[in-house]
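Go ahead and model the full structure; you've got the sequences and the hints to work with.
Letter by letter, the sequence shown follows residues 7 to 228 in my numbering.
In short, the hints are calculated from the structure, not lab data.
All figures in this text were calculated on a predicted structure; none of them were measured in a lab.
Every clue listed holds true.
Straight-line C-alpha distance at most 25 Å; calculated SDA-like pairs for lysine to any residue:
#1 Lys111 <-> Asp31
#2 Lys111 <-> Pro23
#3 Lys27 <-> Val106
#4 Lys111 <-> Leu34
#5 Lys27 <-> Trp137
#6 Lys59 <-> Leu77
If you anchor each label on the Cβ, the simulated ranges turn out as follows:
#7 Gly180 <-> Val49: 22 to 32 Å
#8 Ser170 <-> Phe64: 15 to 25 Å
#9 Leu190 <-> Arg107: 31 to 41 Å
#10 Arg138 <-> His66: 44 to 54 Å
Ideal Cβ positions, reconstructed from N, Cα and C, are used throughout, including at glycine.
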Amino acid sequence: MMSARPPPRTNVAYELPSTVKSLNDGWLSTCQTATTASGLFAVVEVVLLTFIKDPVHFTHPHTRAARQALLTFSYCALFFSSSATISSLVLTDEFGEIPVRASRKADPIKQGLFDSSTASLLEVYGARRSWRWVMWHWLFSLIAAIACLVTQILIYVWIEETLSVQITVSCVAGFGVLPLLHFLPIIISPSSSRRSSVVRSSFIVATTSPQMTQTVGPMNVV
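The structure is reproduced here in structure tokens:
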């Protein structure tokens, strides 16, 4: 009969290197905020779905196709919001475990230098490789939920409101989603983002003193 494996030995006094801690804290904060935001999106979608299902709120004649499109985007936004909430909860748990996992093994970086992506840096200190596809799942779900929410509002406006309101709201909606273009270089050309991330990692890990450590943003990890 095989003997049970001894429990891992944890160094309770261990602290992550300042750069790794900054990176991990940045992701943890982002995921916690995303959990709250996507949860609120889901609540908003439930309210909007109840609103849309009531024919009293439609006073102007409209095609059946427009009503079906409105319902479709409402259901999609609800599920994407719920999906983003689940993914961000998983990521929050993953990053919360990194300090404990790192304390159970020897520090793998002896020289203070690490020539690879920041995603690999987190994995060296305990993050599981599966966190990458969960991150992409979360990012896609969050962006899709926002896109569906904006689209369903625009559909309703174009069904019910006057032309001046339609044009104004469409322009405001376009302006409101402009920050989402920030993610296009990461999604379209991940290889170039990965190369620039390697350069940043080599510099940041080398500057290990508290005065020189820089805060690393979460979206530099790809």
